[in-house]
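Colleague: Here is what each chain is made of, one letter per residue.
2 protein chains.
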Amino acid sequence: MQYNVENICGETSARAGVITTDHGKIETPVFMPVGTVGTVKGIHVNDLKEETGAQIILGNTYHLYLRPGLEVLKQAGGLHRFNAWDLPILTDSGGYQVFSLSDRRKLTREGAEFRSHLDGSSHLFSPERVVDIQRIIGADITMAFDECPPGDADYKYALTSLELTHQWLKRGVEHFDRTGPLYSHSQAFFPIVQGAGFRDLRQRSAEYIASLGREGNAIGGLAVGEPEEVMYEMIEVVNAILPANRPRYLMGVGTPVNILESIARGVDMFDCVMPTRNGRNGMIFTQQGIINLRNEKWKHDFSPLDDDGHCSFDTLYSKAYMRHLFIAREMLGPQIASIHNLAFYRWLVTEARRQIKNNTFLQWKNQMVTQLARRL
Amino acid sequence: MQYNVENICGETSARAGVITTDHGKIETPVFMPVGTVGTVKGIHVNDLKEETGAQIILGNTYHLYLRPGLEVLKQAGGLHRFNAWDLPILTDSGGYQVFSLSDRRKLTREGAEFRSHLDGSSHLFSPERVVDIQRIIGADITMAFDECPPGDADYKYALTSLELTHQWLKRGVEHFDRTGPLYSHSQAFFPIVQGAGFRDLRQRSAEYIASLGREGNAIGGLAVGEPEEVMYEMIEVVNAILPANRPRYLMGVGTPVNILESIARGVDMFDCVMPTRNGRNGMIFTQQGIINLRNEKWKHDFSPLDDDGHCSFDTLYSKAYMRHLFIAREMLGPQIASIHNLAFYRWLVTEARRQIKNNTFLQWKNQMVTQLARRL
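Sequence order for the protein chains is A and C. For the first sequence, our numbering begins at 9 and goes up steadily by one. For the second sequence, our numbering begins at 9 and goes up steadily by one.
Treat the hints with caution; some may be incorrect.
The list cannot tell twin chains apart, which means a pair is met if one copy fits it or any two copies do.
To be verified - Below, a list of computed lysine-lysine pairs in the DSS-like style, where the Cα atoms sit at most 27 Å apart: (1) K365 to K49; (2) K82 to K365; (3) K82 to K307; (4) K33 to K82; (5) K33 to K307; (6) K82 to K305; (7) K164 to K114; (8) K33 to K305; (9) K178 to K164; (10) K57 to K178; (11) K305 to K178.
Simulated from the structure, these hints should not be mistaken for lab results. The structure presented is a predicted model; accordingly, all values stated were derived computationally and were not measured.
So here's chain A without its partners, still in its complex pose (with noise of 0.2 Å):
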């Protein structure tokens, strides 16, 4: 893998720059469409590619690991082939999840055991078992496996969780680099920036990382319940540490205004399930405003969907037969807003870069920001 920057922005630490795969080139910044379990929830690859022109797709190891299994995914030669994406996959390394199932899992130095939220059988996730279970995934771009604290961790329990997380981040390079691809294409290895909202944390984590000199480096534990202004706060201390000339992975984060300004701060790399899972409740980004589809007031309004036309549906479809769709429970409704919104969040990050590159980020962004919390 291979990051080169094009532009500087002069103004604010916004940069303009191309990620190189063996599965083919990122533009960057890029907000990559979230994948759980080896597909975009509702769309198909043709339309992910033609009309969301996504570059770059998550995969998320622990959904792959349950369903479909390592077994499935080894026979089908990968990822790539299973689920018919031939561009670039980044997978995630579970830890979020893993997390997440709280009551479900119990830490130890090894690492954390699990029971499936599927069928509660027991496994094992420990850094070297994560770094091989994404090889056999074969994702482009492979993750650390961290720890992520709560938003609201004090401060004891963020610097322990964060001790873990180096030890297994030193664990997992280890791994990584002892180990090869299993299939044609080479494979990188980000590790993830923790240390809650604490300043010197994030300091020592991103120190840390920078001095592993990885083909890129992420930034987790954001987004997870922290004020907004902590999250930039964060991003702003660990962006002046890690290296410039690697690209900056903001995981998991977040809405099209988070996106403008952390891109503001350095940071190249996106995704989020936001405009997937918001579109399949109705909720559609515009660069207007966000609107509901539910709302009443769209039933005889038979004007686009968006008139910005960010794919072939915003033209085609009105807003009143959208929420015809959502209110009779159609599946094309989901369908339909998931596109939408992918689309919209390409434009975003395609526009940003043009503006960059134009030396126009800095006032677009704030004219943007204003924009595009509206609701309509």
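Chain C: place on chain A using the hints.
Modeller: Chain C in isolation, oriented as in the chain A frame:
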């Protein structure tokens, strides 16, 4: 609406033809995907055109009347504008749905009073009202309001029902001819032959309907529980009487084998929820037989969903991947299986048409019916 016969099979009653509407031509035999509440479930119009090759879709008068309702449909400028489908649309009369409500409806000479399955509100469908509703929906082909007796109806019930259906038909025809289309395209009106499983009633009904000289004619009340041989016998009885220079539409039928056997008996138009409903449940139709995608046997079968490749997903996705989607309850499974089945039905009638033109239909049909019903 116009209909031209292009070829007649030398060995069966099958024929190839073309129906011309203001929204375009329809090559027959044709299968019409069912778009109950204004959308073919789970398929957007781009895929409906490009992947399934649909030439015409159905709307259900009962469902559209309740949701989105006539006010919205009228303001939208009809269903074509509302759901962005610019090819032909046929609407049923709502009779079948209303009579399926059993304890929620009351039959009178005037029409059928019923309570909505959604909110219990009371409504009256009469032959005239159903014409008015279909004028508002704006389908290219509209249907008469009929009573559909159950498959096991006795002679007395079937006779009384038929007489009512014919009285309603007379009123419906008169009302249709007194009124005009609301939008810029013309509409046709098809009467429906009833008579349950009784030859003399079917003959009597077909004779009355033939005498009306409408643009096309339909056969209703079949595939409602009677043996298949009875269905085929009734089709033969009716089609010997219905005019050969008008299209014949067999309502709500059926399996791929039913369709080929009915084409052989002179039917030109079909609709059925089977390809989409069964698709949503993981059953797909292929030339080699029927596949239940949930079956364990596909877990490690990485061969294409269907080697014959009727849509682009047939060769893009494997059986193992499709099984995974159904087991993991991912909505993409129902979506792709629905598209596949509609593309398969499209292939089936298109190939039937080709074989008719080639004078090889009977031999091909006999070979296909042995294959199509197999369980793989």
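Colleague: Given identical chains, is K82 near K365, meaning Cα to Cα at most 27 Å, within a copy, between copies, both, or neither?
Modeller: Classified as neither; 42 Å inside a copy, 48 Å across copies.
Colleague: Using 27 Å as the alpha-carbon threshold, which applies to K305 and K178: within, between, both, or neither?
Modeller: neither (55 Å within a copy, 42 Å between copies)
Colleague: Using 27 Å as the alpha-carbon threshold, which applies to K178 and K164: within, between, both, or neither?
Modeller: within (21 Å within a copy, 85 Å between copies)
Colleague: Have a look at K82 and K307 and pick one of within, between, both or neither, based on CA distance no larger than 27 Å.
Modeller: So K82 and K307 pass the 27 Å test across copies only (13 Å; inside, 49 Å).
Colleague: Which holds for K33 with K305 at a C-alpha limit of 27 Å: within a copy, between copies, both or neither?
Modeller: So K33 and K305 fail the 27 Å test inside a copy (42 Å) and across (38 Å) alike.
Colleague: Within a copy, between copies, both or neither: where do K33 and K307 come within 27 Å Cα-Cα?
Modeller: Result: close neither inside a copy nor across copies, 42 Å intra and 33 Å inter.
Colleague: If the cutoff is 27 Å on CA atoms, where do K82 and K305 land: within, between, both or neither? Let me know, please.
Modeller: Between copies, since 17 Å is at most 27 Å while 50 Å is not.
Colleague: When no copy is named, should K33 and K82 be tagged within, between, both, or neither for a Cα gap of at most 27 Å?
Modeller: Answer is within; shortest intra-copy Cα gap is 25 Å, inter-copy 48 Å.
Colleague: With identical chains, the pair K164 and K114 could be close in the same copy or across copies; at 27 Å between alpha carbons, which is it: within, between, both, or neither?
Modeller: within (19 Å within a copy, 72 Å between copies)
Colleague: When Cα atoms must be at most 27 Å apart, do K57 and K178 count as within-copy, between-copy, both, or neither?
Modeller: For K57 and K178, neither the intra-copy (36 Å) nor the inter-copy (53 Å) Cα distance is at most 27 Å.
Colleague: Please sort K365 with K49 into within, between, both or neither, judging by C-alpha distance up to 27 Å.
Modeller: Neither way: K365 and K49 sit 33 Å apart in one copy and 43 Å across, limit 27 Å.
Going down the numbered hints, you'll see the structure goes against 1, 2, 5, 8, 10, 11, while the others check out.
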